[in-house]
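Participant: Okay, here's what each chain looks like letter by letter:
There are 2 protein chains.
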Amino acid sequence: MDFSSKLLENAVNEVSRLPGIGKRTALRLVLHLLKQPKEHTSYLSNALLSLRNEVKTCEKCHNISDTVLCDICQNPKRNPEIVCVVEDIRDVMAIESTAQFQGLYHVLGGKISPIEGIGPQNLQIDSLVDKVSKGEIKELIFALSSTMEGDTTNFYIFKQIEKFGITTSTIARGIAVGDELEYADEVTLGRSILNRIPFENSLRN
Amino acid sequence: MDFSSKLLENAVNEVSRLPGIGKRTALRLVLHLLKQPKEHTSYLSNALLSLRNEVKTCEKCHNISDTVLCDICQNPKRNPEIVCVVEDIRDVMAIESTAQFQGLYHVLGGKISPIEGIGPQNLQIDSLVDKVSKGEIKELIFALSSTMEGDTTNFYIFKQIEKFGITTSTIARGIAVGDELEYADEVTLGRSILNRIPFENSLRN
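Going down the list, the sequences are from chains A and L. Converting from the first sequence to this note's numbering requires adding 32 to each position, the first position being numbered 1. Converting from the second sequence to this note's numbering requires adding 32 to each position, the first position being numbered 1.
Don't read these hints as lab results, they were simulated from the structure. There may be inaccurate statements among the hints.
Quick look at which bits of chain A chain L covers, simulated, 3 or more residues with Cβ under 8 angstroms [unchecked claim]:
1) 57 to 68
2) 102 to 113
3) 123 to 131
4) 199 to 209
5) 215 to 226
Taking lysine to aspartate or glutamate pairs in the DMTMM-like style, the calculated list, with each CA pair at most 20 angstroms apart, reads [what the hints assert, rightly or not]:
6) A/LYS166 with A/GLU91
7) L/LYS38 with A/GLU86
8) A/LYS67 with L/GLU194
9) A/LYS67 with L/GLU181
10) L/LYS67 with A/ASP98
11) L/LYS88 with A/GLU41
12) A/LYS67 with L/GLU148
13) A/LYS191 with A/ASP162
14) L/LYS166 with L/GLU91
15) A/LYS38 with L/ASP98
16) L/LYS67 with A/GLU86
17) L/LYS70 with A/GLU86
18) L/LYS163 with L/ASP211
19) L/LYS88 with A/ASP34
20) A/LYS38 with L/ASP103
21) L/LYS70 with A/GLU46
22) A/LYS38 with L/GLU91
23) L/LYS38 with A/ASP120
24) A/LYS70 with L/ASP98
25) A/LYS38 with L/ASP123
26) L/LYS67 with A/GLU91
27) L/LYS166 with L/GLU194
28) L/LYS38 with A/GLU91
29) A/LYS70 with L/GLU86
30) L/LYS67 with A/GLU119
31) A/LYS67 with L/ASP120
32) L/LYS67 with A/ASP123
33) L/LYS109 with A/ASP34
34) A/LYS55 with L/GLU128
35) A/LYS55 with L/ASP123
36) A/LYS88 with A/GLU71
37) A/LYS67 with L/ASP34
38) A/LYS70 with L/GLU46
39) A/LYS38 with L/ASP120
40) L/LYS67 with A/GLU46
Since the structure is predicted, the reported quantities are computational estimates derived from the model, not experimental observations. By construction, the Cβ of each residue, glycine as well, lies at the ideal position given by its N, Cα and C atoms.
Using the sequences and the hints, build the whole thing.
Facilitator: Following this line, the structure appears as structure tokens:
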């Protein structure tokens, strides 16, 4: 692309470094900003800058937070003995929106992925093992996505905490509510038959 | 969406005001920035701010430019008597990349669109009529997209400059090079038969 303006070229290059945004999309976004009042651009820039420079991670669960301890970890009504292991804040938000979980979280910050160069030392695994070894946790729920990386991470953590003898569980895999059986993949359907639950339990929600 | 951080919520809200970017995409982009070094975010913010605050539009063609007159209008090798009317900088970049046009441009800044509340007074139409009335232009090439809005804009400008008796033309519509006839829409195919060209001319490129 041959730009008539260095300022424009620079802005397009920076925006197109974001994941999933190519040069054409970046140009469209930047031209949109040029058509809007100047305040829009300064609000956007300031919001990004203050987030990047001021945001903290909760000391206890490592979730993104504005305070040293996040609202969930601070909440005295939550049960600190049940901890749900998740990848990042999006999973916390997803589980919180169900209003079905009253324990705390532990945010790993990613999954073990040799291809992307992410090893256990890049994730918040040591601090989790530390919490378990101190006897603070009675049940650990693994809620990572069931991919190769997620399963590897689950297994790695399980091996580290096995000796402490706490309860470990993993969220149920099965056919989504409202889905047709005929379109389900065989692995999911197979697991949902193996891990069938008493019919009375299905009436609870 | 229920965020654990006001800073994060604010950043996601600002990013999701960009066209075609929803809350989920905005969250993905913002979390990506949080994983990158702080410099990435400051480069991005600064690039957007300096573009918005310092960019100019060329006095002559109204294209985005860092200088009072853009590089194309300043170039003495270009023919100022042939002017191509386009919607925005993307069209200028597209035509420039063909290296087939040696005239100047006139950037309207949009198309007449009553639905979006864009009338002739919001576009650079008066300055174009002014240039034509001064006898600066011998041929005007309409290169707006052939949509309802584009055709309306072309016709509006044509009616304004008709009395000055300059040559007006519009870019050729037809089957794209490399395309199969059977997949072409009938309007395009019909126009390409009506506006057929001498076979020798097709050998030029």
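Participant: All the hints need checking, so say for each whether the structure fits it.
Facilitator: Verification of the supplied hints:
Interface restraint, the region 57 to 68 of chain A with chain L: holds (9 residues with C-beta to C-beta distance below 8 angstroms; minimum three). Only residues whose C-beta sits within less than 8 angstroms of a C-beta in chain L count toward coverage, and the region 102 to 113 of chain A has 3 of them, enough to reach three; the restraint holds. For the region 123 to 131 of chain A, the assignment as covered by chain L holds, since 4 residues bring a beta-carbon within under 8 angstroms of that chain's beta-carbons and 3 suffice. A stretch counts as covered by a chain when three or more of its residues have a beta carbon under 8 angstroms from one of that chain; for the region 199 to 209 of chain A and chain L the count is 0, and the coverage is violated.
Coverage of the region 215 to 226 of chain A by chain L is violated. Counting CB-CB distances below 8 angstroms, 0 residues qualify, and the rule asks for three or more. Annotation: proposed proximity of A/LYS166 to A/GLU91 holds, straight-line Cα distance about 16 angstroms (limit 20 angstroms). Between L/LYS38 and A/GLU86, the direct Cα distance comes to roughly 11 angstroms. Compliance with the 20 angstroms bound is thereby established for this hinted pair. As the CA atoms of A/LYS67 and L/GLU194 are separated by approximately 31 angstroms, the hinted pair breaks the 20 angstroms bound.
Using a Cα cut-off of 20 angstroms, the hinted pair A/LYS67 and L/GLU181 holds, with the two alpha carbons roughly 19 angstroms apart. A hinted pair counts as satisfied when its Cα atoms are at most 20 angstroms apart, and L/LYS67 with A/ASP98 qualifies at roughly 17 angstroms. With a C-alpha separation of about 14 angstroms, the suggested pairing of L/LYS88 with A/GLU41 holds against the 20 angstroms cut-off. Between A/LYS67 and L/GLU148 the alpha-carbon distance is near 13 angstroms, which keeps this suggested pair within the 20 angstroms criterion.
This hinted pair checks out: A/LYS191 and A/ASP162 have alpha carbons roughly 14 angstroms apart, not beyond 20 angstroms. Between the alpha carbons of L/LYS166 and L/GLU91 the distance comes to roughly 16 angstroms, so the proposed pair stays at or under 20 angstroms and holds. Distance restraint check for A/LYS38 and L/ASP98: the Cα-Cα separation of roughly 7 angstroms lies within the 20 angstroms cut-off, and the hinted pair is therefore satisfied. Among the hinted pairs, L/LYS67 with A/GLU86 is consistent with the structure: their alpha-carbon atoms are about 14 angstroms apart, no more than 20 angstroms.
Distance restraint check for L/LYS70 and A/GLU86: the Cα-Cα separation of roughly 11 angstroms lies within the 20 angstroms cut-off, and the hinted pair is therefore satisfied. For the suggested pair L/LYS163 and L/ASP211, the alpha carbons sit about 38 angstroms apart, so the restraint of at most 20 angstroms is broken. For a cut-off of 20 angstroms, the pair hint linking L/LYS88 to A/ASP34 stands: about 17 angstroms separates their Cα positions. At roughly 12 angstroms between alpha-carbon atoms, A/LYS38 and L/ASP103 fall within 20 angstroms of each other, so this suggested pair holds.
For the given pair, L/LYS70 sits about 13 angstroms from A/GLU46 by alpha-carbon distance, which is consistent with the 20 angstroms threshold. The suggested pairing of A/LYS38 with L/GLU91 holds, with an alpha-carbon distance near 17 angstroms, which does not exceed 20 angstroms. Annotation: proposed proximity of L/LYS38 to A/ASP120 holds, straight-line Cα distance about 17 angstroms (limit 20 angstroms). For the hint pairing A/LYS70 with L/ASP98, the CA-to-CA distance comes to about 17 angstroms; that is within 20 angstroms, so the pair holds.
Annotation: proposed proximity of A/LYS38 to L/ASP123 holds, straight-line Cα distance about 18 angstroms (limit 20 angstroms). The straight-line distance between the Cα atoms of L/LYS67 and A/GLU91 is roughly 17 angstroms, inside the 20 angstroms bound, and the hint therefore holds. About 14 angstroms separates the Cα atoms of L/LYS166 and L/GLU194, which keeps this hinted pair within 20 angstroms; it holds. The hinted pair formed by L/LYS38 and A/GLU91 meets the criterion: a straight-line CA distance of about 18 angstroms does not exceed 20 angstroms.
Our distance criterion of 20 angstroms between C-alpha atoms is met by A/LYS70 and L/GLU86, whose separation comes to about 11 angstroms. Between L/LYS67 and A/GLU119 the alpha-carbon distance is near 13 angstroms, which keeps this suggested pair within the 20 angstroms criterion. A threshold of 20 angstroms between alpha carbons decides the hint, and for A/LYS67 with L/ASP120 the separation of about 11 angstroms falls inside it, so the pair holds. Distance hint between L/LYS67 and A/ASP123 is fulfilled; the C-alpha atoms sit about 17 angstroms from each other, no more than 20 angstroms.
Restraint check for L/LYS109 and A/ASP34: the C-alpha separation of about 19 angstroms stays at or below 20 angstroms, so the hint holds. Among the hinted pairs, A/LYS55 with L/GLU128 is consistent with the structure: their alpha-carbon atoms are about 17 angstroms apart, no more than 20 angstroms. The hinted pair formed by A/LYS55 and L/ASP123 meets the criterion: a straight-line CA distance of about 15 angstroms does not exceed 20 angstroms. With a C-alpha separation of about 27 angstroms, the suggested pairing of A/LYS88 with A/GLU71 is violated against the 20 angstroms cut-off.
A hinted pair counts as satisfied when its Cα atoms are at most 20 angstroms apart, and A/LYS67 with L/ASP34 does not qualify at roughly 31 angstroms. Between the alpha carbons of A/LYS70 and L/GLU46 the distance comes to roughly 14 angstroms, so the proposed pair stays at or under 20 angstroms and holds. Between A/LYS38 and L/ASP120 the alpha-carbon distance is near 17 angstroms, which keeps this suggested pair within the 20 angstroms criterion. With a C-alpha separation of about 16 angstroms, the suggested pairing of L/LYS67 with A/GLU46 holds against the 20 angstroms cut-off.
Comparing the model with each earlier hint shows violations of hints 4, 5, 8, 18, 36 and 37; every other hint is respected.
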